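Student: What follows is each chain in one-letter form.
Number of protein chains: 2
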Amino acid sequence: MTMLTRNLVSASVPSIRVFSSAATRFLKTGDILKRARIFTSEDVLDYSKVSHDSNPLHFNSEAAQNAGFEDRVVHGMLVAALFPKIISSHFPGAIYVSQSLHFRSPVYIGEEIFGEVQAFNIRQQKNRYLAKFKTACFKDGCVVIDGEAMAVLPTLSVED
Amino acid sequence: MTMLTRNLVSASVPSIRVFSSAATRFLKTGDILKRARIFTSEDVLDYSKVSHDSNPLHFNSEAAQNAGFEDRVVHGMLVAALFPKIISSHFPGAIYVSQSLHFRSPVYIGEEIFGEVQAFNIRQQKNRYLAKFKTACFKDGCVVIDGEAMAVLPTLSVED
Numbered sequence: 005m006t007m008l009t010r011n012l013v014s015a016s017v018p019s020i021r022v023f024s025s026a027a028t029r030f031l032k033t034g035d036i037l038k039r040a041r042i043f044t045s046e047d048v049l050d051y052s053k054v055s056h057d058s059n060p061l062h063f064n065s066e067a068a069q070n071a072g073f074e075d076r077v078v079h080g081m082l083v084a085a086l087f088p089k090i091i092s093s094h095f096p097g098a099i100y101v102s103q104s105l106h107f108r109s110p111v112y113i114g115e116e117i118f119g120e121v122q123a124f125n126i127r128q129q130k131n132r133y134l135a136k137f138k139t140a141c142f143k144d145g146c147v148v149i150d151g152e153a154m155a156v157l158p159t160l161s162v163e164d
Numbered sequence: 005m006t007m008l009t010r011n012l013v014s015a016s017v018p019s020i021r022v023f024s025s026a027a028t029r030f031l032k033t034g035d036i037l038k039r040a041r042i043f044t045s046e047d048v049l050d051y052s053k054v055s056h057d058s059n060p061l062h063f064n065s066e067a068a069q070n071a072g073f074e075d076r077v078v079h080g081m082l083v084a085a086l087f088p089k090i091i092s093s094h095f096p097g098a099i100y101v102s103q104s105l106h107f108r109s110p111v112y113i114g115e116e117i118f119g120e121v122q123a124f125n126i127r128q129q130k131n132r133y134l135a136k137f138k139t140a141c142f143k144d145g146c147v148v149i150d151g152e153a154m155a156v157l158p159t160l161s162v163e164d
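In the order they appear, the protein sequences are chains A and B.
Start counting the first sequence at 5; every next residue gets the next number (our numbering).
Start counting the second sequence at 5; every next residue gets the next number (our numbering).
Only chain A is shown next, with the shape it has when bound in the complex (with noise of 0.2 Å):
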């Protein structure tokens, strides 16, 4: 995708036409690439099938609140998997490196996640780069999951 804004104005023409597509855009430091989600308990089944993670946290209500809950989670992993998501879907073919989770407070099911990714720092390693992030998921305004994520981006041209 390169930058294409062409303004053709001509009087031997019948009509003006303005060409324009979104122009490429850069990661750069600073930058934050978001992504929602609301997890349904169909997702906890299909991810807890995949995980072989049967926890009773994330199956059984009564459970979860002995546990001090208000009802049964999603999986903190699940959810956390916003992370890669949102840096591969921006940058097909990136190379996850590393990851740190804290996980602040439950996630339950219906709930409306923000994703976050933050690029705090970015260099050049040959023909791609090594980018680092802020990672957070927050609901309602409060975070329910930070860390940092370390990718290796084979461009820094933002897929959208």
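Source of the hints: derived by calculation from the structure; they are not laboratory data.
Be careful, since some hints might not be right.
It does not matter which identical chain is used: a pair holds within one copy or between any two.
The calculated lysine-lysine pairs, modelled on BS3-like cross-linking and capped at a C-alpha distance of 27 Å, are [to be verified]: (1) Lys53 - Lys138; (2) Lys32 - Lys130; (3) Lys53 - Lys143; (4) Lys130 - Lys53; (5) Lys138 - Lys38; (6) Lys136 - Lys38; (7) Lys32 - Lys53; (8) Lys138 - Lys32.
Every value quoted in this text rests on a predicted model; they were computed, and no experiment measured them.
We have chain A; now place chain B onto it with these hints.
Tutor: Just chain B, lined up with the frame of chain A:
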């Protein structure tokens, strides 16, 4: 589960029967809990669906080879899910507090991966326990992912 080891020897019964069950094991510093798993092509597809992560590195051999891999790779976060799976299967009701992850080497479909968590710090908090674990996944004896996890355990009694 309580320790139950009975040796019944009596001349009045026709046969001698020995009842025994595994002794209750309590987690202590240094203990290692393990689980092996081979990730299939279906696992990668199922994980992609539930995580919404469709990075071409996981589906397109050519894209993966262009990025320097031998073939398409299993999602790192799916492999890392071994850690909470190991903890929660031995301690149902465990609450995940934190996890750090360094993705050292790629995991390919069909490879046998050995996940391990080793307790290195355990302290009581009221009627629960806060445990820190070194976490690692290996293939052919080499580390593919390592890091640390922290979890709140409802008991130190290890379920098998």
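Student: Does each hint hold? Answer for all of them.
Tutor: Here is how each hint holds up against the structure:
Proximity of Lys53 and Lys138 under a CA criterion of 27 Å is satisfied inter-copy only: 25 Å between copies versus 30 Å inside one chain copy. Only within a single protomer do Lys32 and Lys130 lie at most 27 Å apart by alpha-carbon distance; the minimum there is 18 Å, versus 46 Å between protomers. With identical chains, the CA atoms of Lys53 and Lys143 are at most 27 Å apart both within one copy (26 Å) and between copies (23 Å). Taking the closest pair of Cα atoms, Lys130 and Lys53 never come within 27 Å of each other, the shortest separation being 40 Å inside a single copy and 33 Å across copies.
For the homomeric pair Lys138 and Lys38, the shortest alpha-carbon distance inside one copy (12 Å) is at most 27 Å, but the shortest distance between copies (31 Å) is not. For the homomeric pair Lys136 and Lys38, the shortest alpha-carbon distance inside one copy (15 Å) is at most 27 Å, but the shortest distance between copies (31 Å) is not. Within a single copy, Lys32 and Lys53 get their C-alpha atoms no closer than 38 Å, and across copies no closer than 30 Å, so neither meets the 27 Å cut-off. Only within a single protomer do Lys138 and Lys32 lie at most 27 Å apart by alpha-carbon distance; the minimum there is 13 Å, versus 34 Å between protomers.
In the structure shown, a violation is registered for the earlier hints numbered 4 and 7, in ascending order.
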